[in-house]
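Q: Assemble the complex: chain A is given as a structure, and chain B must be docked to it using the hints.
Protein chains: 2
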Amino acid sequence: MAKNRQILLKSRPEGWPTADNFELVEAPMPEPSDGEVLTRTLFLSLDPYMRGRMSAAKSYADPVPVGGVMGGGTVGEVVASRDANFKKGDIVLGFGGWRDYAALPGRSLRKLDPSLAPVSTALGVLGMPGLTAYVGLIDIGQPKAGETVVVSAASGAVGSVVGQLAKLRGCRAVGIAGGAGKCRFVVDELGFDACIDHRASDFPAQLKAACAGGIDVDFENVGGEVLQAVWPRLNDFARIVVCGLVAQYNDTTPRPGPNLQVLLTRRLTMRGFIVSDHLARGAAFQAEIGPLVRSGKIKYKEHVVEGLERAPEALIGLLQGKNFGKVVVRVA
Amino acid sequence: MAKNRQILLKSRPEGWPTADNFELVEAPMPEPSDGEVLTRTLFLSLDPYMRGRMSAAKSYADPVPVGGVMGGGTVGEVVASRDANFKKGDIVLGFGGWRDYAALPGRSLRKLDPSLAPVSTALGVLGMPGLTAYVGLIDIGQPKAGETVVVSAASGAVGSVVGQLAKLRGCRAVGIAGGAGKCRFVVDELGFDACIDHRASDFPAQLKAACAGGIDVDFENVGGEVLQAVWPRLNDFARIVVCGLVAQYNDTTPRPGPNLQVLLTRRLTMRGFIVSDHLARGAAFQAEIGPLVRSGKIKYKEHVVEGLERAPEALIGLLQGKNFGKVVVRVA
Numbered sequence: 130m131a132k133n134r135q136i137l138l139k140s141r142p143e144g145w146p147t148a149d150n151f152e153l154v155e156a157p158m159p160e161p162s163d164g165e166v167l168t169r170t171l172f173l174s175l176d177p178y179m180r181g182r183m184s185a186a187k188s189y190a191d192p193v194p195v196g197g198v199m200g201g202g203t204v205g206e207v208v209a210s211r212d213a214n215f216k217k218g219d220i221v222l223g224f225g226g227w228r229d230y231a232a233l234p235g236r237s238l239r240k241l242d243p244s245l246a247p248v249s250t251a252l253g254v255l256g257m258p259g260l261t262a263y264v265g266l267i268d269i270g271q272p273k274a275g276e277t278v279v280v281s282a283a284s285g286a287v288g289s290v291v292g293q294l295a296k297l298r299g300c301r302a303v304g305i306a307g308g309a310g311k312c313r314f315v316v317d318e319l320g321f322d323a324c325i326d327h328r329a330s331d332f333p334a335q336l337k338a339a340c341a342g343g344i345d346v347d348f349e350n351v352g353g354e355v356l357q358a359v360w361p362r363l364n365d366f367a368r369i370v371v372c373g374l375v376a377q378y379n380d381t382t383p384r385p386g387p388n389l390q391v392l393l394t395r396r397l398t399m400r401g402f403i404v405s406d407h408l409a410r411g412a413a414f415q416a417e418i419g420p421l422v423r424s425g426k427i428k429y430k431e432h433v434v435e436g437l438e439r440a441p442e443a444l445i446g447l448l449q450g451k452n453f454g455k456v457v458v459r460v461a
Numbered sequence: 130m131a132k133n134r135q136i137l138l139k140s141r142p143e144g145w146p147t148a149d150n151f152e153l154v155e156a157p158m159p160e161p162s163d164g165e166v167l168t169r170t171l172f173l174s175l176d177p178y179m180r181g182r183m184s185a186a187k188s189y190a191d192p193v194p195v196g197g198v199m200g201g202g203t204v205g206e207v208v209a210s211r212d213a214n215f216k217k218g219d220i221v222l223g224f225g226g227w228r229d230y231a232a233l234p235g236r237s238l239r240k241l242d243p244s245l246a247p248v249s250t251a252l253g254v255l256g257m258p259g260l261t262a263y264v265g266l267i268d269i270g271q272p273k274a275g276e277t278v279v280v281s282a283a284s285g286a287v288g289s290v291v292g293q294l295a296k297l298r299g300c301r302a303v304g305i306a307g308g309a310g311k312c313r314f315v316v317d318e319l320g321f322d323a324c325i326d327h328r329a330s331d332f333p334a335q336l337k338a339a340c341a342g343g344i345d346v347d348f349e350n351v352g353g354e355v356l357q358a359v360w361p362r363l364n365d366f367a368r369i370v371v372c373g374l375v376a377q378y379n380d381t382t383p384r385p386g387p388n389l390q391v392l393l394t395r396r397l398t399m400r401g402f403i404v405s406d407h408l409a410r411g412a413a414f415q416a417e418i419g420p421l422v423r424s425g426k427i428k429y430k431e432h433v434v435e436g437l438e439r440a441p442e443a444l445i446g447l448l449q450g451k452n453f454g455k456v457v458v459r460v461a
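Protein chains in written order, with the numbering used here: chain A, 130 to 461; chain B, 130 to 461.
Honestly, the hints are just simulated from the structure, not real lab data.
Do not rely on the hints blindly, as some may be mistaken.
All copies of an identical chain are treated as equivalent in the list; a pair is satisfied when it fits inside any one copy or across any two copies.
Keeping only pairs whose Cα atoms sit at most 27 Å apart, straight-line, the calculated BS3-like set for lysine-lysine is [unchecked claim]:
| id | residue 1 | residue 2 |
| --- | --- | --- |
| 1 | Lys426 | Lys296 |
| 2 | Lys187 | Lys240 |
| 3 | Lys337 | Lys187 |
| 4 | Lys430 | Lys139 |
| 5 | Lys187 | Lys296 |
| 6 | Lys337 | Lys139 |
| 7 | Lys187 | Lys139 |
| 8 | Lys216 | Lys273 |
| 9 | Lys187 | Lys273 |
| 10 | Lys216 | Lys426 |
| 11 | Lys426 | Lys187 |
| 12 | Lys139 | Lys240 |
| 13 | Lys132 | Lys430 |
| 14 | Lys216 | Lys430 |
Bound-form chain A, shown alone (with noise of 0.2 Å):
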């Protein structure tokens, strides 16, 4: 019988998380119940979120508990059913978690058609992380034509999304990405019309020159020092849109925000919000994206991690900025 390896949350981060806070290990192989489905795991999402998974403080979803196998989004093959709208060789997405085989209840899956796109982007541009910056891009920021439009991490999953949704509205957009290649990247394939590297000693000047009208909208999904150079270059009445604030994640004590006499003399608004809340919007989504993505109108990017005990590290750089692109994790 076919091992079914996992990963588990062996211990919590202080700080920034390390090999020795995962464990593999292997574990007998699921037996779906009524209404489940097995699956095996082609493909592991990894995401910024997962840090703070690992945590035990209060959030908008339940920790990993210590010794868990860690959570994640997934692409599988169906390798037995009892749910009847299911059969074999079935591709499916679902939340598999960190590990080889899952038994996953039927009603949680969602059938994808190999033949309309590569089955790994259900788990990027044409999943939650797409999903995530048309919500926030379209619905909270609510960008207007002619605007600027900044995004940090403008390389990766979300982000590029946004910039090329932003262009697509006819508005300005403006990456911010950690090097050069990513920067050229996000100029060259993506469509961005400036990308500053936030490494740059003068990345702050930068940045202001690159937005010489201002800043309209700011993709937020950095936080830290890169907030703190959008932050004075907001124009009245702009929008931060809080996605992520992965510079921060990894902090031992709460940090601190930027002043809020900006936001005040400037009649900023700053929305916090997480994908989860508006999975309504999924269809709204697919329906103006998928188009763009098959006609290749809209571009990605993956970083695909081969195999699944390269999870643990590769969650580590994703967090560290190493990773170009959207990074799955190929497990089968």
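A: Same frame as chain A, but now just chain B:
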């Protein structure tokens, strides 16, 4: 001929303003041009925003120039008119500034009916502060019946209306004020459910106890340590209406804000606003609040300062929380 005393901004304050930043001078009586009205100031409004106008820092309105007359809302009596819409003896609301007499464009004035309410209320509960409370709570805070609304500076011109409006909308209203006397007034006279003294050593614990179900709307007039105590108590999807930050108006270095991790995980919306962007809501405000004030259902408290020459010390006192109710200066 009558004297026309006026108070100038003599110098810009560094940190807290002092009496030395102001200068009382006598000026010639103004001559109204065509379309203008000469008014004798009866009441001058003092408001926290005036601290901003004393600084050169970029803001939503131009600063008062050094040597210029301090600006401010006034209720005045028409003593001469070159606008057919006004005649001698009319009582008008305008922006006359810190002086005995002002020649003002007729189109900038609103005629008041002294039979409806004491004319000074046009500077407070039925004027800019009342509209600020209305727009901030109703349009931006969007309170729903059963929710908990917290308002700082609760006995002040804006805060007192916010809490009473919240009660009328079926909310629980919790005030924050400086001192036991103000807190008693807020509960006993204004009808808030509770009011916490921010000067108490256990203020955060008292606030927590008064908001056992958390906070859904924070109407923020103060910022600083008051907001720090509110921040951890905010519920998922809470709204922070940033109306004023009087705790930091005299800062000489930018003050950091609260940790945005909470804004993200609890999906908070924080929005700064300035009432002058919302004057179109004036008619709805007057229609709803006017009758409630006249019937005594909405109460208000004025802190009347006698004499224009006392305006500087009264503004300094206002910034220190020494006032009790809406501050107006009786000029004549």
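Q: Confirm or reject each hint.
A: Structure-based check of each hint:
1. Taking the closest pair of Cα atoms, Lys426 and Lys296 come within 27 Å of each other only inside a single copy of the chain (11 Å); across copies the shortest separation is 52 Å, beyond that limit.
2. For the identical chains of this complex, Lys187 and Lys240 are neighbours neither inside a copy (33 Å) nor across copies (55 Å), given an alpha-carbon limit of 27 Å.
3. For the homomeric pair Lys337 and Lys187, the shortest alpha-carbon distance between copies (17 Å) is at most 27 Å, but the shortest distance inside one copy (36 Å) is not.
4. Taking the closest pair of Cα atoms, Lys430 and Lys139 never come within 27 Å of each other, the shortest separation being 31 Å inside a single copy and 61 Å across copies.
5. In this assembly of identical chains, the alpha carbons of Lys187 and Lys296 never lie at most 27 Å apart, being 37 Å within a copy and 31 Å across copies at closest.
6. In this assembly of identical chains, Lys337 and Lys139 lie within 27 Å of each other by CA distance neither inside one copy nor across copies; the values are 44 Å within and 35 Å between.
7. When the C-alpha separation of Lys187 and Lys139 is checked against a cutoff of 27 Å, the pair qualifies only within one copy, where the shortest distance is 19 Å, while the shortest distance between copies is 52 Å.
8. Taking the shortest Cα distances, Lys216 and Lys273 never come within 27 Å of each other, neither inside one copy (45 Å) nor across copies (47 Å).
9. Proximity of Lys187 to Lys273 under the C-alpha cut-off of 27 Å is restricted to the inter-copy arrangement: shortest distance 25 Å between copies versus 36 Å within a copy.
10. Proximity of Lys216 and Lys426 under a CA criterion of 27 Å is satisfied in neither setting, with 33 Å inside one chain copy and 67 Å between copies.
11. Neither within a single protomer nor between protomers do Lys426 and Lys187 lie at most 27 Å apart by alpha-carbon distance, with minima of 40 Å and 42 Å respectively.
12. In this assembly of identical chains, the alpha carbons of Lys139 and Lys240 never lie at most 27 Å apart, being 32 Å within a copy and 73 Å across copies at closest.
13. In this homomeric assembly, Lys132 and Lys430 never come within 27 Å of each other (Cα to Cα): the closest approach is 31 Å inside a single copy and 76 Å across copies.
14. For the homomeric pair Lys216 and Lys430, neither the shortest alpha-carbon distance inside one copy (31 Å) nor that between copies (73 Å) is at most 27 Å.
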